[in-house]
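Trainee: Since the structure of chain A is provided, determine the placement of chain Z on it from the hints.
Number of protein chains: 2
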Amino acid sequence: MTNNLPNYLIISSAINADINALIASINPDKIAVLVDENTKLHCLSEVNFNWDLIIEISSGEKEKTLDTCKNIWTELTNAGFTRKSLLINLGGGVIGDMGGFAASTFKRGMAFINIPTTLLSQVDASIGGKLGIDFNGLKNHIGLFQEPNAVIVDPKFLKTLPERELKSGFAEIIKHALICDEDHWKHLLSQPFENLEWNKIIPKSISVKNDIVNQDPREQGIRKILNYGHTIGHAIESFFLNTSTPMLHGEAVALGIILENQLAVESGLFDEKSANQITGYIENIYSFPKDLPSYNDIKNHLMQDKKNDSEGVRFSLLNKIGSCTYDVLIDSEILKKVLK
Amino acid sequence: MTNNLPNYLIISSAINADINALIASINPDKIAVLVDENTKLHCLSEVNFNWDLIIEISSGEKEKTLDTCKNIWTELTNAGFTRKSLLINLGGGVIGDMGGFAASTFKRGMAFINIPTTLLSQVDASIGGKLGIDFNGLKNHIGLFQEPNAVIVDPKFLKTLPERELKSGFAEIIKHALICDEDHWKHLLSQPFENLEWNKIIPKSISVKNDIVNQDPREQGIRKILNYGHTIGHAIESFFLNTSTPMLHGEAVALGIILENQLAVESGLFDEKSANQITGYIENIYSFPKDLPSYNDIKNHLMQDKKNDSEGVRFSLLNKIGSCTYDVLIDSEILKKVLK
Chain A
48 MTNNLPNYLI
58 ISSAINADIN
68 ALIASINPDK
78 IAVLVDENTK
88 LHCLSEVNFN
98 WDLIIEISSG
108 EKEKTLDTCK
118 NIWTELTNAG
128 FTRKSLLINL
138 GGGVIGDMGG
148 FAASTFKRGM
158 AFINIPTTLL
168 SQVDASIGGK
178 LGIDFNGLKN
188 HIGLFQEPNA
198 VIVDPKFLKT
208 LPERELKSGF
218 AEIIKHALIC
228 DEDHWKHLLS
238 QPFENLEWNK
248 IIPKSISVKN
258 DIVNQDPREQ
268 GIRKILNYGH
278 TIGHAIESFF
288 LNTSTPMLHG
298 EAVALGIILE
308 NQLAVESGLF
318 DEKSANQITG
328 YIENIYSFPK
338 DLPSYNDIKN
348 HLMQDKKNDS
358 EGVRFSLLNK
368 IGSCTYDVLI
378 DSEILKKVLK
Chain Z
48 MTNNLPNYLI
58 ISSAINADIN
68 ALIASINPDK
78 IAVLVDENTK
88 LHCLSEVNFN
98 WDLIIEISSG
108 EKEKTLDTCK
118 NIWTELTNAG
128 FTRKSLLINL
138 GGGVIGDMGG
148 FAASTFKRGM
158 AFINIPTTLL
168 SQVDASIGGK
178 LGIDFNGLKN
188 HIGLFQEPNA
198 VIVDPKFLKT
208 LPERELKSGF
218 AEIIKHALIC
228 DEDHWKHLLS
238 QPFENLEWNK
248 IIPKSISVKN
258 DIVNQDPREQ
268 GIRKILNYGH
278 TIGHAIESFF
288 LNTSTPMLHG
298 EAVALGIILE
308 NQLAVESGLF
318 DEKSANQITG
328 YIENIYSFPK
338 DLPSYNDIKN
348 HLMQDKKNDS
358 EGVRFSLLNK
368 IGSCTYDVLI
378 DSEILKKVLK
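Just so you know, the protein sequences line up as chains A and Z, in that order. Numbering-wise, the working numbering comes out as the position in the first sequence, counting from 1, plus 47. Numbering-wise, the working numbering comes out as the position in the second sequence, counting from 1, plus 47.
It is worth saying that the hints were derived from the structure and are not from the lab. What you are looking at is a predicted structure, and each value in this text was computed from that prediction instead of being measured. Keep in mind that a hint or two might mislead.
Identical chains share a label here; the pair holds if one copy fits it or two copies do between them.
[To be verified] In silico DMTMM-like cross-links for lysine to aspartate or glutamate, where the CA-CA straight-line distance does not exceed 20 Å: (1) Lys77 to Glu380; (2) Lys77 to Asp352; (3) Lys251 to Asp352; (4) Lys131 to Asp356; (5) Lys247 to Glu229; (6) Lys131 to Asp352; (7) Lys131 to Glu358; (8) Lys251 to Glu229; (9) Lys346 to Glu380; (10) Lys346 to Asp378; (11) Lys87 to Glu229.
Bound conformation, chain A alone (with noise of 0.2 Å):
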């Protein structure tokens, strides 16, 4: 199978090459790089382009604000960039969705790259459009679509990332095998997560979420399964957000995978082998907190899910492995059982 990929996305392997040319093509006026800390250190000597202005933010979802956001828009404005300005996104997930949302919205759109540099972002954050920042402790409340000018995924960054920052990402990765694509399943399946070649499994990956973002840009329908496991995981997440523990985007992820598929089962959509087989894979993986949230602490997070309608809180479940259906209304009770 080929893999099928936005015409906006770039697998690189001479990056340096790739930014000048894009830079050439788009003729920006001026160029600022994003960067937090942790890219400021072991990605920017990485890239060699001219830039005029560095915006650095501190790293984490933590800095995902309105707040953040108005610094980085006052800095552009301080250093005189205009709508023929261009910013670089050097970073993970945060840095890709709030600059995406700085840039779309700064004189009404300029151009953006983002540079994913983290596992997380560049199978899942680097394509489908969506950007934005998180308000008052709900994640990607505020935000709109619009794609970057163009996304660079160089597996190489990855070398920079501590393993519980890979793993996270990891669980993107799964969730694009178990909604859509099982031979992929048991590709991972068949090795040890140490053993996986991401130069081969990110390509593959990326185009299981391409294909599905391309029939439906706008997730009116099949894109919600890109859900799957989130609409717990974030809940979760955003539970953990405010506490001195803290779990990692893709780790909630893979918690609310489990989750999730205990809601199928529970309402007779999925089979108990196949959630316990995922159950297995994922906890040989992860490490989670052993107090979880109960239903009670993440009911309020749960309705804000953008998925939901004025009815209820709305899943996205597999049905069998490779196979997810979307839009499915879980009753409170089933949910009480299953977040004890």
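Mentor: Structure of chain Z alone, referenced to chain A:
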């Protein structure tokens, strides 16, 4: 000549039937109405449909901020609004621009309908899809392009307007005539302001803007002529924004038209006789402050104009009545001479 109106715009003579038909076609799960204290008092009683939430903000350009936007997002969130909900913006340009921005970014986009209630918003903000807020005192600095689901223009709301507001909106009608429609300009000259028939003039003026926007939706070229009068106009408006005598937008634009014509005359682009005719017409309708800001007072505002690039301040200037050029770089010496 037939008036060429955008397909989402309705010139209405039966507003309640039109609104309710639109609501039925959008089929939202919840409806909010955004008003200010003026439109709550004078306009809300003129419309008749079922809403779940009224969001009231204070009137005036100084409220067009991220903080007000945050309040709108918070009210929508607390009332359980989803991305299948609808926001109806009942008011002038501030309500439409900011309400549209809030809706377009809430959960990455909910539906919105604008019902412009001022002459200014009916002939200007009603079309073109420009949404946004002011930021750090800079007009419309943060925003995006997004067409509303519908715009309903009903001239009956103009009866609720103070004369100063009516005249403010009229500046955009003058502008549309001067940049593209010499016949309409002659029509305006042919009778006193008090005798103008809004139900004829409004569709005519909207159709001029619509023709231009359709040629260049993202303001890469010709659309910039709609900024005629606005480069200096915005700067003057910003200058007076935080004083005890703020100018209305259209008043600042009318003054901007006079001053930008002087730039065009000084640059040899435009003839002095036509410029004087326009100045005389405008000064007969409007009263301007005695002490106007100098070049140094508004230089920074001019530099932040969204049409600029790094080379300097670019203007849209008349070369004759009914014809406008754009991207004209004006030397700071000429600016200093005109903005004494």
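Trainee: Between copies, within a copy, both or neither: which fits Lys247 and Glu229 at Cα up to 20 Å?
Mentor: Answer is within; shortest intra-copy Cα gap is 16 Å, inter-copy 64 Å.
Trainee: How would you classify Lys131 and Asp352 at a CA-CA limit of 20 Å: within, between, both, or neither?
Mentor: between (35 Å within a copy, 12 Å between copies)
Trainee: Is it within, between, both, or neither for Lys77 and Glu380, if the alpha carbons may be no more than 20 Å apart?
Mentor: For Lys77 and Glu380, the Cα distance exceeds 20 Å both inside one copy (56 Å) and across copies (26 Å).
Trainee: One pair to classify: Lys77 and Asp352, alpha carbons no more than 20 Å apart. Within, between, both, or neither?
Mentor: Close across copies (16 Å), not inside one copy (38 Å); limit 20 Å.
Trainee: At 20 Å max between alpha carbons, let me know whether Lys346 reaches Glu380 within a copy, between copies, both or neither.
Mentor: within (12 Å within a copy, 64 Å between copies)
Trainee: Reference check for the pair Lys251 and Glu229, CA-CA at most 20 Å: within, between, both, or neither?
Mentor: Answer is within: at 12 Å inside a copy they meet the 20 Å cutoff, but 60 Å across does not.
Trainee: Within a copy, between copies, both or neither: which one fits Lys87 and Glu229 at a CA-CA cutoff of 20 Å?
Mentor: The answer is neither: 38 Å in one copy and 57 Å across copies each exceed 20 Å.
Trainee: Should Lys346 paired with Asp378 be assigned to within, between, both, or neither, using CA atoms and 20 Å as the limit?
Mentor: Cα proximity of Lys346 and Asp378: one copy only (12 Å, versus 61 Å across).
Trainee: Treating 20 Å as the Cα threshold, decide for Lys131 and Asp356: within, between, both or neither.
Mentor: Between copies, since 7 Å is at most 20 Å while 39 Å is not.
Trainee: Tell me, please, which holds for Lys131 and Glu358 at an alpha-carbon limit of 20 Å: within, between, both or neither?
Mentor: This pair counts as between: shortest inter-copy Cα distance 12 Å, intra-copy 44 Å.
Trainee: Under a CA distance limit of 20 Å, which applies to Lys251 and Asp352: within one copy, between copies, both, or neither?
Mentor: neither (28 Å within a copy, 44 Å between copies)
The structure shown violates the earlier hints numbered 1, 3 and 11.
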